[in-house]
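Student: Those protein sequences? They're chains A and B, same order as listed.
Residue numbering for the first sequence follows my numbering, starting at 400 and increasing by one per position.
Residue numbering for the second sequence follows my numbering, starting at 400 and increasing by one per position.
Just so you know, these hints were derived from the structure itself, not from any lab.
A few of these clues could be false.
A pair holds if it fits inside one copy or across any two, identical chains being indistinguishable in the list.
Result set (SDA-like, lysine to any residue): computed pairs, CA atoms no more than 20 angstroms apart in a straight line [stated by the list, open to error]:
id: 1; residue 1: Lys-798; residue 2: Pro-840
id: 2; residue 1: Lys-470; residue 2: Asn-831
id: 3; residue 1: Lys-884; residue 2: Arg-853
id: 4; residue 1: Lys-470; residue 2: Ser-859
id: 5; residue 1: Lys-798; residue 2: Val-788
id: 6; residue 1: Lys-759; residue 2: Arg-719
id: 7; residue 1: Lys-774; residue 2: Ile-716
id: 8; residue 1: Lys-589; residue 2: Gly-510
id: 9; residue 1: Lys-798; residue 2: Thr-787
id: 10; residue 1: Lys-798; residue 2: Pro-861
id: 11; residue 1: Lys-589; residue 2: Glu-842
id: 12; residue 1: Lys-798; residue 2: Gln-710
id: 13; residue 1: Lys-884; residue 2: Ser-481
id: 14; residue 1: Lys-759; residue 2: Phe-561
id: 15; residue 1: Lys-589; residue 2: Gly-562
id: 16; residue 1: Lys-798; residue 2: Arg-777
id: 17; residue 1: Lys-759; residue 2: Arg-713
id: 18; residue 1: Lys-774; residue 2: Ala-446
id: 19; residue 1: Lys-470; residue 2: Pro-804
id: 20; residue 1: Lys-798; residue 2: Met-648
id: 21; residue 1: Lys-884; residue 2: Ala-456
id: 22; residue 1: Lys-759; residue 2: Ala-717
id: 23; residue 1: Lys-470; residue 2: Gln-694
id: 24; residue 1: Lys-759; residue 2: His-770
id: 25; residue 1: Lys-759; residue 2: Gly-492
id: 26; residue 1: Lys-798; residue 2: Arg-824
id: 27; residue 1: Lys-798; residue 2: Ala-717
id: 28; residue 1: Lys-766; residue 2: Gly-711
All figures in this text were calculated on a predicted structure; none of them were measured in a lab.
Protein chains: 2
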Amino acid sequence: MSPSPSLLPMILSGGAGTRLWPLSREAAPKPFMPLPDGETLLAKTAARAFALRDVDAVITITNRDYYFHTKDTYAAMTGATSAQAIYVLEPFGRNTAPAVAVGALCAIARGFGEHVLLVMPADHLIRDQRAFAAAVDRAAALAATGALVTFGITPTHPETGFGYIECGELLVSDEGHAPPAYRARRFVEKPQLAVAREYLTQGHYAWNSGMFAFTPNAIIAAFARHAPGVLAAARPIAQALGSAASIQMLEIDAASFAAVPDISIDYAIMERAAEAGEVAVVRGAFDWSDVGSWQAVAALTIADDDGNHGQGERVAIATRGTYVHAADRVVATVGVENLVIVDTPDAVLIAHRDHLQRVKDVVGELKARGHDAYKLHRTVSRPWGAYTVLEEAPGFKIKRIEVRPGASLSLQLHHRRSEHWVIVRGVARVTNGDREFDVHPNESTYIPVETRHRLENRASEPLVIIEVQCGDYLGEDDIVRFEDKYGRTPA
Amino acid sequence: MSPSPSLLPMILSGGAGTRLWPLSREAAPKPFMPLPDGETLLAKTAARAFALRDVDAVITITNRDYYFHTKDTYAAMTGATSAQAIYVLEPFGRNTAPAVAVGALCAIARGFGEHVLLVMPADHLIRDQRAFAAAVDRAAALAATGALVTFGITPTHPETGFGYIECGELLVSDEGHAPPAYRARRFVEKPQLAVAREYLTQGHYAWNSGMFAFTPNAIIAAFARHAPGVLAAARPIAQALGSAASIQMLEIDAASFAAVPDISIDYAIMERAAEAGEVAVVRGAFDWSDVGSWQAVAALTIADDDGNHGQGERVAIATRGTYVHAADRVVATVGVENLVIVDTPDAVLIAHRDHLQRVKDVVGELKARGHDAYKLHRTVSRPWGAYTVLEEAPGFKIKRIEVRPGASLSLQLHHRRSEHWVIVRGVARVTNGDREFDVHPNESTYIPVETRHRLENRASEPLVIIEVQCGDYLGEDDIVRFEDKYGRTPA
């Protein structure tokens, strides 16, 4: 085998994950959802990417609203890496083909045209890093020859929720940990159960994992052949990103992005390329899950003798086969079976295991009602930390505000509310009108209406304050920002 | 018929109501639990008692911990009454016979020996006041002749959760709204289903409602005949209460009360008296429920076409026959049926309708674990109002405190915590060290450790403050009380 080519992982991080409500929300979707072990899928995916050999840079394509959250996730990862993180930020979701086209063009512009681009969705779970790395090595070697490579997973059951790839002639045999590779004959969409059963019996069908490997040059050539419209719309975007001020944070312009067809890489390229015999399948021998429903999350915890599992303070009386995610409250079950119960500070889900696909209908219903619980958690992430609304009532609102070391809220004022700040942990540097001073735990300060103010944490410990807002209008939009470290001041 | 005797309703308010967890808690049991219409069973029972004709006084026998809450409930009742409320406070629960004996002796001591004592458990629901009043009239007339009268309810289904009374010879026929009365032949305990079905078919069995009518003189004579031990132990208690300082609030001494046998009025008196032919049954024609389980609560709301009912923010997808009590969070159900779901700020119950009797096992389990959720709600009632813990973490605790007009917390100090008070509604009269001053909405004050302080509401509107406590120890027991309107200062 030829020396291994360098890898350029490209993490695609998006997707609402509405079937994982209420832990997954529009503003904190599936990649950011903590799994039962406390780690998010994004952190796991990034760890997988950075741990591969010969990785100089990792490109992450995500929504611009998730930029700070994503950067924080990477910063919190254990095991430092020298690889560079590059962010391509989308103004809105536009499916996978535009993301891959823009990402590949940017890679070429940076001189990575013959690296192997490894496309990794951010919401997949793979636990066997060694088998994964072996499959990536196999795929990279094939991709270096110009092939478009997909990762197929050997089915363990007749799953109707995934697409399949029919494997044709053997290209490379398996060898030690290295899995075999085949020519992909065709891609097939999610099958009916009878068909899925047949695929499982026949043995030469694999689940389409949604992961790919190819050189930027090869995939751009494939776009030129099979989806020239996507490529034509992607080129000016990549060109604009090439001349952006930052080389690490590339923000796609909304108007240009809207001009790119909304289409998946499977439809735009892979299906047609497979017909043309251009696609190889590496048949991975690793466990793989797209964590597509609560069933998949529940499977990550070990059940007791009654088939009950979960986390948090649970009381189970005459209960069987039930998964309970309890956060800070007691969840008691009596005489029930085969339920999934997910408790969060502002919403609780009770679903039967056989109907977990319909959890997304709850999100649709909440959206239709204009209820925030489809979108926001009670704790809201901000570039500088997070806030949690503890109580809201006519005339007042109470928040717990946490500010990270070195972080700072914008210099701002409010027209219609005053704020009482009580510092309960850390040291606050406060700007209050013309004065600037430190406030320590068990001290407080008062910010009148129409007064410029700023909250900063210049210490090395987290800062926690309790804010009591008083006023006749307490909406988040009553804010005038004067200076902001995170570019949130009006132009 | 002879002129109607005067009535002396005696409300027995106790009982944990563990089958109604998590809305019913040890510190806020079933009589205090709001029903779907927002009113409590205690309020409904008191309204029923005060609305009867010829009522000069109402005796309430309850635990001393519920005294202020009970008094507040009566004070909040619509429709003023001139009847006097007398409270007999138990140090702990001791079943119904001791309560009735002590209550009857007190009534005799007050000169009510020939009034008709109407024993009413505080956790029953009766919606037809007119039919109830007619039955009470019938019972009072019989009681005035010296009979011990029970209220039997005509069964509507073969209930196995109630005791039954077998009716013998007809004593008085029904007449207009007035129901018939029979001699009680015997009391039978909760039957098996087959037996309950037979009772329903035979037609001369009635549910034992737990309500009674008799003169104090008659029931004390019956105690002397059938339960002299109870009477002997009750006499010194009644004597002590007769010489108490207050004539409205009579607190039973714990040591004396422990000497009274723990036995129900049914076992101690009624069963034996029925054998002796001394008991009459008024067969009430009113609807009656002891609201003994979530099934009974659910039955109070109207179901939609899918059999779903409840209150609060609910999303029901592919859901049938399910009752949801949602408080301040969204409760979403997917693909479930025949569940009862009760959501509270610190606990959520998911139970199958066929297993609602086992909800009490959850309480047992929580108690065994030492978890507070069996006992306390997140909002705790106090003589002066209520407080709610919004958040608690090492070093700080946040409470919303509501003080009723005219009420006042004790003059107190804390050794280990400081308090920041932000007034968000009403006007606070604050004592802070040597100073006394008013604090208005959007103003704050700071109470250092070891500083005497007091919070009062001298206005006519409710006062709401947000209290942020800071300190290394934040237990409720770090309090030194100097003056207290509610007798909570150490002797």
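Student: Work down the list of hints and note, for each, if the structure agrees.
Tutor: Hints and how they fare:
1. Lys-798 - Pro-840: Result: close both inside a copy and across copies, 16 angstroms intra and 18 angstroms inter.
2. Lys-470 - Asn-831: neither (30 angstroms within a copy, 48 angstroms between copies)
3. Lys-884 - Arg-853: For Lys-884 and Arg-853, only the intra-copy Cα distance (12 angstroms) is at most 20 angstroms; the inter-copy one is 44 angstroms.
4. Lys-470 - Ser-859: Close inside one copy (19 angstroms), not across copies (53 angstroms); limit 20 angstroms.
5. Lys-798 - Val-788: both (4 angstroms within a copy, 14 angstroms between copies)
6. Lys-759 - Arg-719: between (25 angstroms within a copy, 18 angstroms between copies)
7. Lys-774 - Ile-716: Between copies, since 19 angstroms is at most 20 angstroms while 33 angstroms is not.
8. Lys-589 - Gly-510: Neither. Shortest intra-copy (38 angstroms) and inter-copy (85 angstroms) distances fail the 20 angstroms Cα cut-off.
9. Lys-798 - Thr-787: The answer is both: 5 angstroms in one copy and 15 angstroms across copies each meet 20 angstroms.
10. Lys-798 - Pro-861: Within one copy only: 16 angstroms inside a chain, 23 angstroms across chains, cut-off 20 angstroms.
11. Lys-589 - Glu-842: neither (60 angstroms within a copy, 62 angstroms between copies)
12. Lys-798 - Gln-710: Close neither inside one copy (27 angstroms) nor across copies (27 angstroms); limit 20 angstroms.
13. Lys-884 - Ser-481: neither (25 angstroms within a copy, 68 angstroms between copies)
14. Lys-759 - Phe-561: For Lys-759 and Phe-561, the Cα distance is within 20 angstroms only inside one copy (17 angstroms; across copies 44 angstroms).
15. Lys-589 - Gly-562: Within one copy only: 4 angstroms inside, 60 angstroms across.
16. Lys-798 - Arg-777: For Lys-798 and Arg-777, the Cα distance is within 20 angstroms both inside one copy (10 angstroms) and across copies (18 angstroms).
17. Lys-759 - Arg-713: between (25 angstroms within a copy, 15 angstroms between copies)
18. Lys-774 - Ala-446: neither (27 angstroms within a copy, 45 angstroms between copies)
19. Lys-470 - Pro-804: within (15 angstroms within a copy, 52 angstroms between copies)
20. Lys-798 - Met-648: Neither, since 31 angstroms and 43 angstroms both go past 20 angstroms.
21. Lys-884 - Ala-456: neither (25 angstroms within a copy, 71 angstroms between copies)
22. Lys-759 - Ala-717: between (29 angstroms within a copy, 12 angstroms between copies)
23. Lys-470 - Gln-694: neither (29 angstroms within a copy, 51 angstroms between copies)
24. Lys-759 - His-770: Classified as within: same-chain Cα gap 15 angstroms, cross-chain 34 angstroms, threshold 20 angstroms.
25. Lys-759 - Gly-492: within (18 angstroms within a copy, 50 angstroms between copies)
26. Lys-798 - Arg-824: Both, since 14 angstroms and 17 angstroms are each at most 20 angstroms.
27. Lys-798 - Ala-717: neither (39 angstroms within a copy, 36 angstroms between copies)
28. Lys-766 - Gly-711: between (28 angstroms within a copy, 17 angstroms between copies)
Hints 2, 8, 11, 12, 13, 18, 20, 21, 23 and 27, counting from the list given before, are not met by this structure.
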